[in-house]
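If you read the protein sequences in the order shown, they are chains A and B.
Each residue of the first sequence is one higher than the last, beginning at 1 in this note's numbering.
Each residue of the second sequence is one higher than the last, beginning at 178 in this note's numbering.
Hints in this document: simulated from the structure, not taken from any laboratory.
Be careful, since some hints might not be right.
[Claimed, not checked] Short, incomplete list of chain B residues facing chain A, as computed with Cβ under 7 Å:
no.	residue
1	L182
2	S187
3	D217
4	Q223
5	V226
6	A235
7	S238
8	F239
9	N242
10	A246
11	I247
12	D249
[What the hints assert, rightly or not] A few chain B positions that, by computed beta-carbon distances, are all more than 10 Å from chain A:
no.	residue
13	A204
14	E210
15	L215
16	M222
17	I282
Yeah, the Cβ is synthetic: ideal placement off N, Cα and C, and Gly gets one too.
In case you want the letters, here they are:
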Amino acid sequence: MDEELHQIIHRAKHGDKEAYAQLVKQFKDPVYRYALGMLNDRMDAEDIAQEAFVKAYSSLSSLESEFAFASWLFKIVSNLSKNRLKKRMKEHDFQEEANDSIIDRREASDPSERLSMEDALSRLSVEHREVILLHDVQGYRYEEIAQVTNVPLGTVKSRLFAARMALRKELRKEELA
Amino acid sequence: MKAHLDDQLSAYLDDELIVEDRLAVEAHLESCEYCQALLDDWLSMQEQVQVAFQSTEAPISFEINVMQAIQDEQQVSVSKSWLILPLFVLFVIIMLGIAKGMMFIKLIHSSMRLSIALLYMVTHFMSSIPILAITAVFLSIAILTTSIYYLRRAIRLTSVEGG
Numbered sequence: 001m002d003e004e005l006h007q008i009i010h011r012a013k014h015g016d017k018e019a020y021a022q023l024v025k026q027f028k029d030p031v032y033r034y035a036l037g038m039l040n041d042r043m044d045a046e047d048i049a050q051e052a053f054v055k056a057y058s059s060l061s062s063l064e065s066e067f068a069f070a071s072w073l074f075k076i077v078s079n080l081s082k083n084r085l086k087k088r089m090k091e092h093d094f095q096e097e098a099n100d101s102i103i104d105r106r107e108a109s110d111p112s113e114r115l116s117m118e119d120a121l122s123r124l125s126v127e128h129r130e131v132i133l134l135h136d137v138q139g140y141r142y143e144e145i146a147q148v149t150n151v152p153l154g155t156v157k158s159r160l161f162a163a164r165m166a167l168r169k170e171l172r173k174e175e176l177a
Numbered sequence: 178m179k180a181h182l183d184d185q186l187s188a189y190l191d192d193e194l195i196v197e198d199r200l201a202v203e204a205h206l207e208s209c210e211y212c213q214a215l216l217d218d219w220l221s222m223q224e225q226v227q228v229a230f231q232s233t234e235a236p237i238s239f240e241i242n243v244m245q246a247i248q249d250e251q252q253v254s255v256s257k258s259w260l261i262l263p264l265f266v267l268f269v270i271i272m273l274g275i276a277k278g279m280m281f282i283k284l285i286h287s288s289m290r291l292s293i294a295l296l297y298m299v300t301h302f303m304s305s306i307p308i309l310a311i312t313a314v315f316l317s318i319a320i321l322t323t324s325i326y327y328l329r330r331a332i333r334l335t336s337v338e339g340g
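Using the sequences and the accompanying hints, generate a full structural model.
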């Protein structure tokens, strides 16, 4: 982390709102990108990214090391995204119970439509999607991923392998169709 | 059958292996077509994922919205802090009420114990002096008879007025 960024985080931590605005400017794209990858919905991604920055501002004083700001911020986005996905699942279950046939028709995919990478990712489990996004999109090393996801280094390694195999399977399924 | 590398291969792609492990993977790759093909697939996938997201940017108004949301949240917390004083006063009143209530319960309890003690003392005193007990019995009968008489009269008067 460069010294300038470190100084900005330090000032923001001590209540400097302008410094925090600079942080938002610097991290908004990666945070939004990550939320979009997790949720596959632009409205939800914007909502979650905004919520994450607001939450981070209010609990910035609890950040132990300024050097860990990025992984700490991504941990907040990750937790908020997972909560949103759980909420979505519950709503989906409720709707499914209310009207099974409508959901079935809506979910039937159009065979002529090519599966985008975002869609393929959204078919993976949350954990698999998360590691692919953190590694391949955000460019995080295994150790940083372990910090964000709260799992041991060995789990990051095996999870990334499993995620790649799952994504490959999804994309191949599409090629064969 | 030759075992494939699985997560070692994935870590090799990510440059997360120590030198010895990396060399071992490279040696395996020279003779394993399956792992070579897998590695190529993963490399291509990695590029596709990067391409899919590299042009994605947060909406233009995002920064303004975040700072506005922070401002709003702070205003809410300031207005909430104004509630602290009235809530504290309410808390004190409730606590006093509870304390007084406890005192009231204690007062009832003490007075009941005192009444029982007094009753016990009176009965004990009366039983020790027989003439006093007999007088009390006659007095009680007299009060009871007078009460019944006046009660019957009151009931009769009410029924006459009602009729």
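Report task. Mind listing which of the numbered hints don't hold for this structure, in increasing order? Result -> Per hint list: 1, 3, 7, 12, 15, 16 violated.
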